[in-house]
Amino acid sequence: MSSIRFDAVGKSFGGGVLTLQDINLDVADKEFVAIVGPSGCGKTTCLRMAAGFDFPTSGRVLVGNSEVTKPGPDRAVVFQQFALFPWKTVTENIELGLRNKSVARDERKARVADAVAMIGLGGYENSYPHQLSGGMQQRVAIARAYVLDPQVLLMDEPFGALDAQTRVVMQEELVRLARLNPRTVLFITHGVEEAVYLADRVAIMTRRPGRIKEIVDVKSVRIAERWDSHSRIEDVMDLESFVHLRTHIWKSLREEKAGADH
Amino acid sequence: MPLSRRSAVGVTTLAVVALAWVLLTGVSGLVSPGRFPTPADTWAAGIQAMMRGYGDATLVVHVLQSLKLVALGFLASIAVGVPLGLLMGWSKTAEAVLNPVFMLLRPIPPLAWIPLAILWLGLGDGAKILVIFFAAFVPSVINTQVGVKTIERPVIEAARMLGTPRWRFVREVLVPGASPMIFTGLRLSLQASWTTLVAAELVGALAGLGHMLNLAQQDLYPGMILVGMVCVAIFGALTTALLGAVERRALAWKRTRGGAA
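Protein chains in written order, with my numbering: chain A, 1 to 262; chain B, 263 to 523.
Worth flagging that the hints you see were computed from the coordinates, not collected in a lab.
Everything numeric in this text was worked out from a predicted model, so none of it was measured.
There's no promise every hint is true.
[What the hints assert, rightly or not] With beta-carbon atoms standing in for the labels, derived distance ranges:
no.	chain 1	residue 1	chain 2	residue 2	range
1	A	Leu62	B	Leu504	53 to 61 Å
2	B	Arg510	A	Gly122	25 to 33 Å
3	B	Asn361	A	Ala104	38 to 46 Å
4	B	Pro264	A	Arg232	21 to 29 Å
5	B	Glu414	A	Glu125	20 to 28 Å
6	A	Met237	B	Arg415	29 to 37 Å
7	A	Gly134	B	Val271	34 to 42 Å
8	B	Val293	A	Asn126	54 to 62 Å
9	B	Asn361	A	Leu62	39 to 47 Å
10	A	Ala104	B	Pro264	48 to 56 Å
For each residue, glycine too, the CB sits at the ideal point set by N, CA and C.
Could you put together the complete structure from these sequences and hints?
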């Protein structure tokens with residue numbers, strides 16, 4: 001069991017500015033939840049608290065049944081800026097977490113090979129990150145997280161730094177992985193379409209101080225309308241049910257952005 | 263510019279300098295040999311130093327003595343400076359505690375340590391190594407410290423997220439992450455070591471290139487002075503090249519094929 005629970009979480013930073021207010025959100029075991037919200041609403045801070053990089057000023061963040069006190073390999077993070085080790089090869093980057101867990105050498109090699117195959121980077125095992133394109137680097141970062149077989153995956157705008165075409169490929173890839181091998185995922189994005197395409201539920205946040213404004217159930221629609229029978233992202237995005245959900249979330253977010261202009 | 267062309271230009275420059283030397287001192291006599299030696303004088307002094315020795319030792323002994331002092335002073339400065347720089351770059355507490363002391367010591371010219379070094383360690387090698395250490399130590403510390411701070415925060419967070427234990431973190435994240443700046447520091451340290459060596463050997467040395475230079479000055483022997491200077495230049499360049507080779511190996515990840523770095 002590896003749920004994520006935000007229990008009345010508030011967060012203010014140094015100057016006392018309130019960033020997050022009364023965040024209540026449950027991500028169930030093996031559920032994929034995306035958080036969307038205007039820039040600066042504190043959505044990344046939510047993820048950082050689940051990761052153990054930041055801590056709530058009030059309330060609690062629980063993973064499983066225990067409060068988060070520090071980062072750890074049970075909660076693998078995929079960063080927006082990839083955050084690969086530039087001095088390590090693809091293999092060494094993916095392998096580090098397994099070495100830290102003292103996984104035996106043979107098993108390590110096998111799991112790294114599986115992970116490299118999963119992200120389709122065979123032949124690049126001994127390349128350094130700077131020799132790879134942005135999309136390839138982010139695939140390595142995803143493999144580095146998946147190889148740990150973590151209970152929880154935390155993804156902070158993982159496709160934000162990619163060009164549009166690469167992003168689409170990566171989104172399809174992530175859906176494939178998520179269906180193949182479901183994990184508890186918290187996914188931060190400002191892309192509404194991405195959120196609807198990937199997530200079981202989408203949490204919409206208000207502008208600062210961020211609160212959860214609304215949680216939209218996508219999964220029931222996806223199953224009812226058989227989205228997964230379409231393999232291509234553009235076919236799913238053309239479906240009326242998809243457009244309906246997207247527009248709903250879009251409008252809800254738009255109210256927040258309009259509010260911010262006053 | 264292609265490499266072959268660059269080295270051709272370099273060789274030409276050296277040839278022009280050598281030609282000017284020959285013309286100014288030997289052929290035209292515009293510069294008196296008492297002020298600057300002719301190529302022939304220098305050659306003779308070099309042969310003398312190598313075969314019969316000068317100042318109680320042959321040139322090889324002088325060179326080896328100087329290399330030993332530079333190597334020990336330089337290595338000691340790395341051994342202390344790099345870990346201290348890592349600590350000051352990583353820990354805000356360590357930085358707060360050590361920085362004031364460092365700021366106070368930093369402006370003291372290395373040569374100003376000579377009297378104290380002699381008082382503490384006498385006229386032997388120890389005092390000279392200590393002075394070289396003081397000179398080489400500062401760039402090692404500062405550049406290592408800056409190097410740690412240049413590591414991007416997400417990279418450090420990724421290492422923590424992966425559960426990297428402390429020493430592996432130092433070895434595989436902090437040190438390689440800071441290594442481009444560490445090597446910048448080492449190059450400056452090595453340069454400082456050679457600069458300080460000659461001055462340190464001016465006092466109470468029995469051998470060494472600085473000792474040789476000092477003696478040649480007292481003997482009014484310009485040829486021998488130039489031999490000493492050329493030796494410092496050659497071995498300074500050789501050790502710098504050696505460090506450069508180590509650096510290229512250690513930082514291979516930065517400039518492998520297809521890279522932007």
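Determine which of the earlier numbered hints do not hold for this structure and return their numbers in increasing order.
Hint 4 contradicted; others consistent.
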